[in-house]
Amino acid sequence: MKIAILDGHLIDPANDIDEITNLYIAHGQIIARGTPPDGFLAQQTIDASGKLVIPGLVDLCARVGEPGFEHKADIPSETAAAVNGGVTTLCIPPDTRPPIDSPADIEFIEQRQAETGLAKIVSLAALTRDLAGEQLTDMASLKEAGCVGVTQAYAPFSNTNVLRRALEYAAGLDLTVHICPQDFALSQGGCAHEGPISTRLGLPAIPEAAETAAIGFYLPLIEQVGVRTHFGRLSTARGMNMIRRARYDNLQVSADVCIHQLFLTEIDISDFNALCHTRPPLRSQRDLEALRKGLTEDGIQAICSDHHPHDQDAKLAPFPATEPGISSIETFLPLTLRLVEDGIITLRRAVELISLEPARILGLESGSLGIGDTADLTLIDPQKEWQCQPERMLSRGKNSPFTGWAFKGKVETTLVNGKICHSAQ
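Going by our numbering, the first residue of the sequence shown is number 906, and it counts up by one from there.
In case anyone wonders, no lab produced these hints; they're calculated from the structure.
Only a predicted model underlies this, so the values are computations on that prediction, with no experimental measurement involved.
It cannot be assumed that every hint is accurate.
Listed next, the in silico DSS-like pairs over lysine-lysine satisfying Cα-Cα at most 30 Å (straight line) [claimed, not checked]:
#, residue 1, residue 2
1, 1324, 907
2, 1324, 1198
3, 1315, 907
4, 907, 1289
5, 1289, 1324
6, 1220, 1303
7, 1198, 1313
8, 1220, 1313
9, 1220, 1315
10, 1324, 1313
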């Protein structure tokens, strides 16, 4: 379909564009900006006056339920939620059931996504078979099948030598290794940040050192092997500063933070609110403020949703027995826009953090609206005010601690490959 998007406020950091202009789309690509090409006849015209036009969001970590957790969510429901939230590409971790550790698993995800035809899904593959930490996967075949990186998720390695061989194998294939920096032994059994709140509530705690010890363990191996590495879901100020120092020393490392770590702290679990049970746990106010500051000081390169939909029963047990995670893909963009409204980051930086930089980390040709680029984009009404009501979310997971929060800025239209996949009108 040929689409004309007229008079929108286009923000495209990749091409240094921040202006009111027109976009023209045909054959799934952006073919012109400003004035239409000769002979262009739009089959659909979108009036974007007063609206923001940005590259579609690229989410570095989102779970879709399949395979193995279909009772919680599935690809049709979560990709519908994604486009409703302006997300055009999802990256899913391999800690599914069974884990994503073979080309067949990646092909299954691709087939299911193609059947649904909404947001794109890319996969991280397991570093070891069945995530058992013992035998390496066939990373060459996994890369050929289309994985965008490899990770052990939160599963431990049987020994350090297995880890080193895994990093060497990935480096030889030019694959990015994604690391969840959480020491298995230090965090095992914990459910809250180690501090006065967890002590008062009597909850088993996860110390700050669980993150910093893991980062300190990985960095020397990364330096020796020379592998490109991404640290996902940082939660502490010290951990972020360790990554910043490693980048200063020219290591090929990057890091992201999940959006709820920029708004919630350990105080939010003070009434045993299981909706705030996350992994890594919500940290201190000092950590939150440092992570926010790091968005503008190269401490953090990207923001992700860390979307984790759960069924209702998963959050009804006593706090330590509940399952960690937040259904967050539909509040990802509005929370990011709140950072802009609060003066934490600029709008341009926000687009970089949720679109351009995640695409670069994953090695995708996304996050850009230049001529010839794929037409993955989102139109936002920046003045639209609305309230988070989980019962109206498209995700099957209703486990959101942001119930009742008032937001400003709402997705109106989402295009994936030049196709309108969501429209609020």
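Legend entry - Given pair status - residue 1303, residue 1220, alpha carbons within 30 Å: 10 Å, holds
Legend entry - Pairwise hint evaluation, residue 1324 against residue 1289, where the allowed Cα distance is 30 Å at most: 24 Å, holds
Inset, instruction - Compare the distance between the alpha carbons of residue 1198 and residue 1313 with 30 Å, and conclude whether the hinted pair is satisfied. - result: OK: residue 1198 and residue 1313 at ~22 Å, within 30 Å.
Legend entry - Given hint residue 1313 paired with residue 1324 - CA-CA distance at most 30 Å: 26 Å, holds
Inset, instruction - For the pair supplied as a hint, residue 1220 and residue 1315, confirm whether the alpha-carbon distance does not exceed 30 Å. - result: 28 Å, holds
Inset, instruction - Measure nothing beyond the straight line between the CA atoms of residue 1324 and residue 907; if it is 30 Å or shorter, mark the hint as holding. - result: 10 Å, holds
Inset, instruction - For the pair we were handed, residue 1220 and residue 1313, check the Cα-Cα distance against 30 Å. - result: OK: residue 1220 and residue 1313 at ~28 Å, within 30 Å.
Legend entry - Pairwise hint evaluation, residue 1198 against residue 1324, where the allowed Cα distance is 30 Å at most: 37 Å, violated
Legend entry - Proposed proximity, residue 907 with residue 1315 (alpha carbon, max 30 Å): With Cα atoms ~25 Å apart, residue 1315 and residue 907 stay inside 30 Å; holds.
Legend entry - Agreement of residue 907 and residue 1289 with the hint, judged by alpha carbon distance not exceeding 30 Å: 27 Å, holds
The structure does not agree with numbered hint 2 stated previously, though it agrees with all others.
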